[in-house]
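Engineer: Build the full structure now, drawing on both the sequences and the hints.
Going down the list, the sequences are from chains D and A. Here the numbering used here is used: the first residue of the first sequence is 1, the next is one more, and so on. Here the numbering used here is used: the first residue of the second sequence is 312, the next is one more, and so on.
Hints should not be assumed to be uniformly reliable.
Taking lysine-lysine and the BS3-like style, the derived pairs with C-alpha atoms no more than 25 Å apart in a straight line are [as the list claims (entries may be wrong)]:
hint : chain 1 : residue 1 : chain 2 : residue 2
1    : D       : K87       : A       : K548
2    : A       : K548      : D       : K47
3    : D       : K85       : A       : K369
4    : A       : K548      : D       : K90
No lab work stands behind these hints: they were computed from the structure. Note that the coordinates shown come from a computational prediction; the quantities given were computed from them, not determined experimentally.
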Amino acid sequence: MIPLPRIDPPLINASGILSYPEVFSAFESAGACLGGYVTKSVGPREKPGNDNPVVVYPPEGAVLNSLALPTQSAEDWERDLEEIKLKKAKLIVSVYGGDSREFAGVTRRMSRFSDAIEVNLGCPNKEPGEQTIMESIGQNPALSAEVIERVRGETDKPVIAKLSPNSDYLAVAESCMNAGADALGCGNTLGPGLAVDIRSRAAILSGTTGGISGPALKPVNLRMTYEAYARFRCPIVAYGGIETWADAVEYILAGASILGIGTAFMRKSTQEAAALTRDIWEGIQSYLDGEPMSALVGAAHRTADGGDSDA
Amino acid sequence: MRSVFRVVENRRESEWTHTIFFDQEIESRPGQFMMVWLPRLGEKPFTLSYPNAVTVKKAGAFTEKLAEVKPGDEIGLRGPLGQGYPPLKRPALIGGGVGIAELRLLALASEAPSFVLGGRTADEILFYEEFRELGPVYVATEDGALGHKGLVTELLPVEADSYAVCGPERMMAACLPKLPAERTYFAIERYMKCAVGLCGQCTCSGWRVCTDGPIFPAATVAQMDDFGKRRRSKSGKWETI
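Structural biologist: The following block contains the structure:
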């Protein structure tokens, strides 16, 4: 297994949030406590994604999005990543494709820019007429393994398999680990869900349904993190509803060693978002109280007598 | 955050421009924006021109539909969003085309405003008579039908304590070197998706226009290499301005 790069502090953005390298640079310049940045998912060819509205936040604590993986071509992404470099933070490139060959092709182009490759196996959104990646690949252990194997063949960087919570994710994770994944991403958005406007009687999102993020996602992906750690004891990048240091600590105790922030940046200016990352990191550090974070990763798996609940 | 309003009036301002009034006023700071939603058709950002209205120029499928709404129709509004203008003293409000509409609420909130307005023709100089009651109005039209024949930038500099600029980006880029770096603000427009700082689509050199802007101080704009030059399209691919 290839170890993940040292991401210090162990906080990153979630893929599809902030998205572009110039935004990462702006966050870095504003003093954000993010040790790494994840690009929005890079696909093989230009695709506009869904029309607006692509985001709705009707119930308290949940955000639905149906962006459906807009991307410029992988060649144009190469030009962007050539042009805009981060000063210190690590860069993780998220990749997707319609099949394993396309995933591999994008990875081939992106590998030299990345400190790690994150493989998007779980996007639950689509443009009309498409199938979601979650449906076409991410819910199928054999196809997911085929993707990971071909991605693995195109890069010497660590490979993170980012799972869908709407799958038999332990079975998918197992086949991904056997196919050469170095870490698990726990996980993508939930659902998808639906929001209807009762006055116009219309589904609000133009894509009808949208992946659920924010606090509503936290208990689900926290459980995924816990179960994946119990089973694989591998590095886990966790995402889902992390808004405070305490949310982050829950994920650490469940088994995560890198924490992704997404929806918590909603309505925040760059300065405000950078301040939030500092608050989260300072809160984690004071909770650690001098202990290394590694000592607490997976601590929720310990039994009353100091043993291991998964053993 | 998202509410559905009933249209009470559709006022034609010019051949291409309509002001759509709805049944409730919205409290916002001048320069903040609303995401206007036509159910089943789409959603786009607009700045209020009245506390209960947006002014829309027909420029594509969505704005054509929005300009055609009738009293009784329903539209959705999400907002107010983003950073507006700070309070401005004795400002010169510099507007081009439909960007003039955004300056109306700012003018009403400002003491002793003056106006520097540009358009292709007299028809594009929105709220001309109303603005003349508030302060001096300098106009440039490309066809010379009203005021100076030429571009609005040819009327600069003008004497004022502060400046606000809202118009096509190339016009704003031409204004940038002619105005003081202090006390000058620009309204930047980009293709927006989420409009709440998540997706990054509306980046201008890394600043997310929806949450860091859309109103930016000139000193910040001067650091934006992309300003006046390029923007990300719906897919993220660069397009030249």
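Engineer: Taking the hints in turn, state whether each one holds.
Structural biologist: Now for the hints, and whether the structure bears them out:
Proximity of D:K87 to A:K548 is assessed by CA-CA distance (about 24 Å); at most 25 Å being required, the pair is judged to hold. Of the pairs offered as hints, the one joining A:K548 and D:K47 holds, with about 9 Å between alpha carbons and a cut-off of 25 Å not exceeded. Taking the CA atoms of D:K85 and A:K369, the gap is about 39 Å. The hint is violated against a cut of 25 Å. Simply put, A:K548 and D:K90 have alpha-carbon atoms about 23 Å apart, close enough for the 25 Å limit, and the pair holds.
The earlier numbered hint that this structure contradicts is number 3, and it is the only one.
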